[in-house]
Amino acid sequence: MNPRLDYYSASPKAMKAMIAMEALTSSLGIEPALLHLVKIRASQLNGCAFCTDMHSVDARRLGETDRRLYSIVVWRDSNFFNPRERAALTWTEAVTLLAESHVPDDVYEQARTQFSEAELVDLTLAVTTINSWNRLAVSFRQSPSA
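So the sequence shown is residues 1 to 146, counted in this note's numbering.
Derived from the structure by calculation, the hints contain no laboratory data. Glycine included, C-beta positions come from ideal geometry on N, C-alpha and C. Since no wrong hints were added, every one of them can be taken at face value.
What follows is a set of in silico ranges between Cβ atoms, one per label pair, in the way DEER data are often shown:
hint: 1; residue 1: 17; residue 2: 83; range: 30 to 36 Å
hint: 2; residue 1: 11; residue 2: 67; range: 37 to 43 Å
hint: 3; residue 1: 70; residue 2: 146; range: 16 to 22 Å
hint: 4; residue 1: 132; residue 2: 73; range: 18 to 24 Å
hint: 5; residue 1: 31; residue 2: 76; range: 18 to 24 Å
hint: 6; residue 1: 79; residue 2: 109; range: 18 to 24 Å
hint: 7; residue 1: 105; residue 2: 76; range: 14 to 20 Å
hint: 8; residue 1: 77; residue 2: 97; range: 16 to 22 Å
hint: 9; residue 1: 73; residue 2: 101; range: 16 to 22 Å
hint: 10; residue 1: 143; residue 2: 22; range: 18 to 24 Å
Start from the sequences, fold in the hints, and give me the full structure.
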């Protein structure tokens, strides 16, 4: 797959804002390992090979196991994830697939059992940011390097 354009050079001002948003989400209260799980799951749902690869590599650097990484796509059928991670993955799916479910009340209630109000806002911002990155990478055909 050939890239369509380099969005960094095509619109540096827009990319500066995206980078600032990414930096902000990384500095909020959600633990980095959990952020990578969320970013991987959203990227899987969006079909973004570039971001799935990048965040899997980053997660491994933080000590994430291959076994858990391979299981993110089927996390509901795995016992590898704790209640907080499961709530974050459920929330990630609902926010990413917003048009399908409009984030049901039961998903919100599950997330609220594991996250404070501030953390839930922070998590939502992280999900929306990775969704934006996915849309850039998929639309302009950015792929992982071999």
